[in-house]
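Asker: Based on the provided sequences and hints, a complete structural model is requested.
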Amino acid sequence: MNNVNDNKLQKAVDRLPRDITPANDLWPGIAARIGRKQRATRPLWAYGLAASLFVAVGAGSLWFGLAQRTPGAGAAAGIAAVSPGATYFAQRAAFAENSVQSAPNLAPATRGVILQNLRIIENSMQQIEAALEKDPNNPRLRALLFDLYQNESRLLAATQQIQAQTNQRNDL
Amino acid sequence: MKRLSIILAYVLLSFAVVVASFSLLALTSSTAYAHGSQDSDSDYDSDSDSDNGVIEGGKSVNETRNAKPDGEVRVDNLAGSVKVRGWDKNEVRVTGTLGDLVEKLEITSDDSGISIRVILPHHVNGGDCGECADLEIEVPAASRLEVSTVSADIEAKDLTGSEQLGTVSGSLILDSAATRVDVRSVSGDVTVAGSAKNAHVTATSVSGTVRVTGMDGALHAESVSGDVKAGNNRLTGLEMSSTSGNLTYQGGVLKGGDYEFHNVSGDVVLNFGASPSAHFDVSSFSGDIDNSFGPRATRVSKYSPGMELHFTSGSGDAMVSARSLSGDIHINN
Chain A
1 MNNVNDNKLQ KAVDRLPRDI TPANDLWPGI AARIGRKQRA TRPLWAYGLA ASLFVAVGAG
61 SLWFGLAQRT PGAGAAAGIA AVSPGATYFA QRAAFAENSV QSAPNLAPAT RGVILQNLRI
121 IENSMQQIEA ALEKDPNNPR LRALLFDLYQ NESRLLAATQ QIQAQTNQRN DL
Chain B
1 MKRLSIILAY VLLSFAVVVA SFSLLALTSS TAYAHGSQDS DSDYDSDSDS DNGVIEGGKS
61 VNETRNAKPD GEVRVDNLAG SVKVRGWDKN EVRVTGTLGD LVEKLEITSD DSGISIRVIL
121 PHHVNGGDCG ECADLEIEVP AASRLEVSTV SADIEAKDLT GSEQLGTVSG SLILDSAATR
181 VDVRSVSGDV TVAGSAKNAH VTATSVSGTV RVTGMDGALH AESVSGDVKA GNNRLTGLEM
241 SSTSGNLTYQ GGVLKGGDYE FHNVSGDVVL NFGASPSAHF DVSSFSGDID NSFGPRATRV
301 SKYSPGMELH FTSGSGDAMV SARSLSGDIH INN
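Those protein sequence lines, which keep their order, are chains A and B. Per the numbering used here, the very first residue in the first sequence carries number 1; after that it's consecutive. Per the numbering used here, the very first residue in the second sequence carries number 1; after that it's consecutive.
Covered, in the sense of this in silico footprint (three residues per stretch, anywhere, with C-beta under 8 angstroms from a C-beta of chain B), are these stretches of chain A:
hint: 1; segment: 102 to 116
hint: 2; segment: 124 to 134
hint: 3; segment: 138 to 144
hint: 4; segment: 149 to 158
Hints are computed from structural coordinates only; laboratory data are not their basis. All C-beta atoms in this analysis are idealised placements derived from N, C-alpha and C, irrespective of residue type, glycine included.
Answerer: In structure tokens, the structure reads:
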């Protein structure tokens, strides 16, 4: 029974044309429909997001550019001169210091303490980076460096928290 | 053309938001409290010298409010001192003195709890005020306490609810029976003594010294340039770290415990009192490692002068790891 059906199926398959040439005018229509679909699925907010990202990146670049001229950037530039691979750290240090320098509501003593300790962290990062140049596969050095990144972010977060609390008091 | 207009509008709108945000930041430049005028909630009975929960500056304070046994108590005082004590009454009582420069003390209530705020005039900041307000506050022992100060010292004791205390330059002393403790300072010293079982304690400072004694549970203690000291605790989990301060640990280890010590340029001193039952994983990139029991540290890398020490003491019931960049590590029994 199966052999009879198989033979019928084989004959039907053999009767099919070997190739099909589509009409030449099909593709423009397909392309147009695809194009319409793509345009239709792009939501309006995506433009806004893209524009916001553009503005944010621009503002960040501007802010960072200004940071390079602030007194806090001097120390970071000094770090860059010490180690040829330290440009990245110098830029990060400048950015971090500027965020503390520009916080408007910090008491001078508090600002001083935070900046002093921020520099301790940045200098320690530099030391570990120099050590990693000698021993690049040392996982413990990398772990220490990771700790310092966390310390730095916590310090900056604490700065922002103090700032936010002061703003909250002002808003009352 | 229409899409271009939409994009342009979004760019302009976003730019306006950014500019507005920066302007708002620039405008908020005073460190003093603004004037507040929130009335106390009538759902909370009061026994007070004031009719509306507001006490003017330059006076002594004696205010009492009914409170939930486990409600929130929030205290905000820039300068002076805040002393909080847990008691067995469902009341919050505030006593103390307000300096002449204080505009008012405001006590407000809502469904979540009670807020106590010392308010200064706009032209006065915490530094000008000196001893702005010295407050002694009794709260239900199970209250969830939040205290925030700038230069005011904070003391708290006899509390079993969660505690979240923060100061910028004041000192912070906590004698806690709470299982959840989070205490932080920038330049002030932090001292925590705990008694609750299975407590989770976070104690941090930027440049102050952090001390934790007598607690049971898990501890995270850190400072950037200050020393960190932990002693006489029963800890199943410990993470102590500093960047340039010294770390000192005094005490034993528990079965299954995990103890981590991280430092960069400060020293790490571990005094176990007796030979602990633990695996040790110790390394320093350029510092020394001294071990008063077990094997000596060895140099394992041809690239650095650093030392490493890996060994098991006793049956290895706990895990001790310590690492530093240039600080020395001392392990003593």
